[in-house]
Structure formats: structure tokens, C-alpha cells
Amino acid sequence: MRRYIFRRLLTAVFIILIVVILNFTIIKTAPGDPARLMAGFDNPSEELIQSITEKYGFDQPFYIQIGRYFKSVIRGDLGDSYLYNQPVARLIADRIGPSLLLSGVSIILALIIGSLLGLYAGKNEGKLIDKIFSTISYFLNSMPSFWIGIMLILLLASHFKWLPTQGMVNVRANYTGFRRVLDIATHMILPVITLVSVQIPTYFRITKSAVMQVMAEDFITTLRVAGMKEGAIFRKYVFKNAVLPIINVFSINLAYVVAGSMLVEIVFSWPGIGVLMYRSIMMRDYNVLMGVYLLISVSVVIVTILMDLVNAALDPRIRYE
Amino acid sequence: MSSIFSRLISALSINRRLRSGCILLLCVVLVVIFAGAIAPYDPYKLGDDLMVRPGVGNHFLGTTAMGQDVFSMIIYGSRTSLSIGIVSALISGVIGTLIGAAAGYFRGKFDIVISEIINIFLMIPTFFLILIIVALFGSSMLNVMLVIGLTSWPSNARMMRVQALSIKERTFVKSAVAMGESGWRILFKYIIPNGIFPVVANTTMGVASAILTEASLSFLGLGDPNVVSWGQMIFDGKQYITSAWWISTFAGLAIMFIVIIFYMIGDGLNEALNPKLRRIR
Amino acid sequence: MLLDIRDLNIVYRMRNKAIYAVNNVNFSLEKGKSLGIIGESGSGKSTLAMAILKMHNLKNTEVTGQIIFEGRDLLALDEKQFKEYRWTRIAAVFQKSMNNLSPVHKIGTHFEDIYRVHEPDISSSEIRERVYALFHMVNLSPRVYTCYPHELSGGMLQRVSIALSLIFHPTLLIMDESTTALDVITQGQILEEIKELEKVVDVTRIMITHDLFVVATACQQILVLYAGDMMEYGDVRDVLNHPMHPYTKALIASFPSLRGEKREVHSIPGTLPDLSVKTRGCAFYDRCRAHREICRQEKPVVCQTGGLHTVCCHLYGKIRETDVKEGVNR
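Protein chains in written order, with this note's numbering: chain A, 1 to 321; chain B, 1 to 281; chain C, 1 to 330.
There may be inaccurate statements among the hints.
[As the list claims (entries may be wrong)] Derived BS3-like pairs: lysine-lysine, alpha-carbon spacing no greater than 27 Å straight-line: (1) A:K229 - C:K249; (2) A:K123 - C:K80; (3) C:K106 - A:K236; (4) A:K131 - C:K17; (5) A:K123 - C:K299; (6) C:K17 - A:K236; (7) A:K123 - C:K199; (8) C:K106 - A:K123; (9) C:K83 - A:K236.
Hints are computed from structural coordinates only; laboratory data are not their basis. Since this is a predicted model, take the numbers as computed values, not measurements.
Input sequences plus hints: build the corresponding full structure.
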């Protein structure tokens, strides 16, 4: 087990290394002067260009450049945003909270709702309720996340006028304490519904197919013949066997979910990483863009590895491999 | 090649979902070809009727804030979506098939390296990689196609690799080896034709996800500014959502429609390939 | 008589058709005389087993006839009454692909859960003791109790499954293709062990298989099924040494004989008939080399040829003069 953890962590470090190299290579190979790209806006001063060139050694050989880039990334220096006049790491740190809140809540809700619906549909496979769920899931799966958000604004917010569609807090009211929590919660309703609807199909489908596969296994028949109650079989045996594929899909889909979150943040002007990223694209503030990419890649890799470890802890078959 | 073709034909005759998907796709292709004849207006022309409601005047689906005809934009947008979707999925399918088949058949160090690359690619968030490359290298349609294609091949390669591993053990390949046929010949003559069917299904699904990716890029302002794109329409319509709901709504429905068509075809192929799957979903 | 099956018919009702899986099957099982049911896949043998266990889908499966077990008709019992039989008197071993046990639960968990179905208050240590005794009987070490299925070999898993079925000392044990997935040597070993076991435990087996070898080594009686119809039934020695039905003959010819003289192995040409059509005549008609006109027209009647040995074939029943003429000329 310890060896397995060690091996997976080593993989994580390796992948992060690759991501950093990839990141730097993209800046280097993009058309134009890399220092100018990093500087961002259209007419940077010559001194700025000069200082960036020196910092990353763009006038030096490639291995020195990448070495310097590495050094600064490891120190947590992702460069500066000349647009905001702040270090990129700083900008990200200020906005990561809202993003984590939004995606965290929606991932947990989607996981619970999606897999419960999947369990139910798998148990009642072929019945009307299963067909309804499956059809809805099929349609949800084919809609762009941001469009679902916009449609929700259109359909719900115009009827429920109290439902806020933009931002995280009511800037005019300046609530404190519990009122503030409530305020944030109401602002979260629409983005969370959007993100949950985007993610439900994935968990629904995998849970349903896992349940159906397990239910067809001989050991389920044996337990049934032995007289064990259907509910008990389902809770203990079907559930535990179906959980593993769900965890697997969770980590496989994480990157996709994060991308969806960013787009939905933009729709609802949620003050998180998504909006930061969007602005940096619009204003060509590439340092910020690269920083965001690096951060997202690293966190996705870490969570994936963690999920692998959880999987290994739950699945007796992995531990001994 | 004829065996793949006959398998596709038999899949078409068994599977209803696949059949209806193909018919719908044919309709979309006709729309793409005859866009000029179907669209009543030039989608790039800024007309005088601003934000006209659907059905008013000759604007079947209304107009945008700049006076463009929404229906014509949607008709022309199918060109963008379909060509980006199909070209990038084909790039990814061809690269994935070749690399995966070679890795699975030749094994050795090449396979180790390729498997490692596939694993890494499958773990890092591809969408952001695409986004950054397009942001830095420019957002022409060609760039978007290339970048989506070049970043999404690993799932095809993984699939083809597994197929190659199992086909390699079959008798007809072993006898071909014994008769002294060269490795590359075997790869193209036996491994790829016999193992490509799941990759074809996956590539069809890949078209759907490429279309969604393109829409997302356009929504972020990273679409080709010179062509009409459904993602771009959704984004433009977003700010008028309370006053002109039709712009975003119809563009989104168009995306949904075309994505579902490819899902139907992909699922249909998978079902025809593996009858056990039919019960799932 | 332990088990008496009379006029058993099983029909699956599908959305737009019916599958006639088992038709008019009659046989009886004496205590201690294990029965092998043999047939190709689709012959209805598993369906028959599931019906004895009352595991058929109640919504779309019609079971008619009688399954008389220890004097009571199981088909007349409701699920609550049948619960008294489940695993305590009738148990089963399924193992088509080594997945008779949940891969993420320990072996012991399966035993505990099944014990507690019928004896809810039994303590874990008590269960452990009893399971160790069972393990001893099937040549397993007590260590297996805390193992996961993937840590055991196929033969060991098979022994675990047999131990699991013997928990409550059932009188009838149904083994559905239980040894099919094992290699030949392990299979032989297990069959020997089962026979040894029966000297200690009072249990009668029904073995469902497509492998004549299994029936020949481990059963006393044989029932040959084809497309849901009974073909031949009798003592294993009688039937294998003097097969009467053309299907049984073909079946035996399709198995290579190990010890006997070298001979050609014949596969049976053709495939099973469409089970959704109720055949008027003999089910084997299409593939039978000796068929006559009457075989297509009428179901053959059961023909007792001495002792237990019965065969359902027009060749041995009363044949009308005219049919003989037509048949021979074909």
C-alpha cells in the first residue's frame, strides 16, 4: 500500500513537471516575442519588456530559460499581471475561494443526485421512470453548460424576481454575518442548478450501468436464492460494487467539470477564476491565463491521484497488484 | 476495408438509433451544402431591422441587435460546427488509430512511452490546453480544428491499443507472422481493419465533443471572428437575454440538435458492436 | 421420492412474442441418486433449474405443471412459504465465470450474511466455527475465511461456493454449470471431492451441464433436453451405453472418448430451432438424420423401454403403417 501511494505521488510530480514544461513551450513557440506576450497589453514600455526578458532569461539558451521558469513557478511566482498590476499568484488566491465554493457544492450535489437517480434507474431498468430519467440525461448531456445557465436566467429569473443572476453578493446591501451567508446562498442557486444539471448525466449513466452489471452477476443470484432480502442485497452488495466505477468516473471527469464551471461562472459573473480567466483572454493578459492553466492542471492532477488512492483503499483487488 | 464497410451496413440494419441518427445527419449535411439556397438572408449583412421578434417580417427566428437574421446565421453556423467537429475528430481518429495500433502491436519501449503519454493526456484538463493554444496562436478555424484534433487523440489511441493487443493474439495474425509478413503490413492489413470499429464509434462521439468545445471557445471569444458560430451567437445573445431571448435560445438548440445526432450515431455503433450494451442507458 | 416434476412447462412472455423454454418435462429424483441434466445452451436446462429455485421472473414467466419436492408442490407455495426451503432444503451453486462471490467483500462476509438470513441471532464466532467445519469438509484452510475472492484460485472458489451451499445441510443441491469454467484436472478433482462429500452429507444433486464427462463421472441419472423438450431419461450407464434417441446418439458421438477406441468425432449439423415457435412435431426434427413424416406432424410420446429408461421418439413409439411407408421412402 505504501509503495503504491509513493508510486502514485511520483506520477503526480512527473505530470506536474510535464505541465510546466508544456506551459513554457507554448509561450516560447507562440508567434511573437515571448516577453511581449507576457507583458500582455498592446503597447508595453521598453523597460517592462527588458525586465521580463532578464527575469526569464529570454536572451539566454533554452535550458536556462526553462530552469528560471521552473524556479520561479516552484517559488509560487507565476509572473505579474501588468493589467491588474499585481502578481498572478495573488490574483488567483483572491478568487479561488468563490470558485471552490461553487464547484465544490455542485460536485457534491451532482454526485449525490446523479448516483441516487442512477441507482434507482438501474434497479428499475426498462420501466417508465428509468426511460424518463434516461431521456432527460441524454438531453442534458448534449447541452453546452453555459447555455443551460443562460436558459435558466431566461426561464426562472424573470418569474422569480428575487433570484439573483449576477455576482456572489448583493453589492448594494453590504450584509454581514448570517444575512451575508444567506445572500451568498441565494446567489448560488442558479449557478449551482446549472452545474448540477451539467454533471448529473455522467454520474447517472455510470451508476446505472454499474448497477445493471452488478445485478446480473452470479453472486447476486446466489444471495437471492439464499433468501437474502432484496433491499439488503442492494444496500450492501450492489452498492459497494457500484461505488468503485463512480469514483473512477469522478476523477476522469474532473477536468471536464472544472472547464464547465469556468464557463458557468462567466454566465453568472461569479467572482472566481472563470471570470478572471475570461478577462485575461479578452485583455490578452497571458501571464494570468498561463497561471490559471497551471493551477487548474496541478489541482486536477492532485485530486485525480487522491481519488486513485481512495479507490485503492476501497477496492481490495488493487492493493495487492 | 470492405469488412468495415459491411459491418457498418449490418449495424445500420440492426440498430434503429443508428439509422435515425444517420438520416438526421444526412439532412444536416444537405443544409450545410445548400446553406446559400436555404438561408433567406446573408448572415453577415447587418440589416435595418434590429432585434425583431421571431416570425415578424421575413425573419423566421428574429434578428440580432445588429440586424442579422438569426435563422440565416443558424443555417450558416452549421457549416462552422460540422466542419470543425468532423475535421478535428478525423485528425484525432487517424492519429489515435496509428499510434495506438503501433503501440499495441509492436509493444516494447515505444509502447511504454506512448502509454505514459496517453495517461498524462487523459489526466490533464485538455480544454484549458486548447484554450491557451488558441488564445496564443490565433483563433482561425484551421487552428481550432488542428488544436482540438491534436489534443484529443489519446482516448482513441488507448482504445485502438487495447484492440491491437487482443487481435495480435488471434490465429490469423500469428499465421501471418509465421509466413513472414512484415510488421507494418500486418498492422495495416489485419490489426487496424479488425480493431477500428470501436474507434469509429468513439470518433463519432468525438465529433460531438469537438462541437461542444468549439462552442465553448466561441463563447469565450476565441472562435474564428470571420465565420458565424453558434457559440458566438449564444454569447452575443446573452446580454440581450431579457429583451431578445431568441438569439441565444435558438443557437443553443442548434448545438443540442447536432450533438444529439452524433451521440445517436456513436451509441448506435457501440450498441451494434456490443449487443450487451443495448440494455444499458 | 425427493423431487417429482410433472408436466412442467415454462414460457417467457416477451413484448411481441413468447419463448417456449421448457415443454412437458417429466422426471423424478430419488434420494441419493444424483441427476445430470444435459443439453446445449438454449435447451432450457438453466430455466428448469431456476424454476425449481423459484427464481424465475414472476412478471413475464409462466410456469405450469407441478414441482413436487418432499411431498409438497413448490409452485403452489408463495414466496413466504417457500422461504423455509430457500438454502435450508434446496441450495444452489452457480459459477459460470468465477463470479459467484462479490469481489469487494471478504469470503466470510458472504457466509455471515447467508447464515443470518435464517438464524438472525447467531454470533459471529459461532458462524466462524461452523464455517471452519464446512471448509474442512471441502478441503479448504480456515485462512480462506478472511480472504477476498481474487486471492483464491478457481478451484478454491469452487470449493467455497460448495461450502456456501452446504451451510444449512440442504437435501437438494442444484449445480448450474458449476465446473464449466475450471480446467479439466481441477474439474475432475472437484467432482471426486463432491462424491466423497456425499458419503458424509446427505444431499442429492442436480447437475446442469453441457459436458457429458461431468454427467458420466458424477451422476447416477441423466436427462437429455433439447430445445426445451425431453429427449431421453434414465440411468447414466443405460443411456450412455445404449443411447436410443438420435439426439443422444449424436451428442455422445460429438464427445471424444478418452479410454475407448479411436473414432471420429461428429458435431451435430444445424442449430437449435426458433424457440418462439411452438413446434408441432419433434423439436429435433430439422437436425435428425432418422426423421420421418410423423416426426414433423406429431409430438412423440414418452416411451418406457424397461426400468427407468424413457425416450421420446417416434422411432420407438407405435408407428402407423402409412407413416412407415412415407418415412422410409423419403
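Now for the hints, and whether the structure bears them out:
Between K229 (chain A) and K249 (chain C) the alpha-carbon distance is near 45 Å, which puts this suggested pair outside the 27 Å criterion. A threshold of 27 Å between alpha carbons decides the hint, and for K123 (chain A) with K80 (chain C) the separation of about 22 Å falls inside it, so the pair holds. This hinted pair checks out: K106 (chain C) and K236 (chain A) have alpha carbons roughly 12 Å apart, not beyond 27 Å. At most 27 Å may separate the alpha-carbon atoms for a hinted pair to count; K131 (chain A) and K17 (chain C) meet this at roughly 22 Å.
Proximity of K123 (chain A) to K299 (chain C) is assessed by CA-CA distance (about 41 Å); at most 27 Å being required, the pair is judged violated. Using a Cα cut-off of 27 Å, the hinted pair K17 (chain C) and K236 (chain A) is violated, with the two alpha carbons roughly 36 Å apart. Distance restraint check for K123 (chain A) and K199 (chain C): the Cα-Cα separation of roughly 43 Å exceeds the 27 Å cut-off, and the hinted pair is therefore not satisfied. For the proposed pair K106 (chain C) and K123 (chain A), the alpha carbon gap of about 24 Å is at most 27 Å, so the pair holds.
The hinted pair formed by K83 (chain C) and K236 (chain A) meets the criterion: a straight-line CA distance of about 21 Å does not exceed 27 Å.
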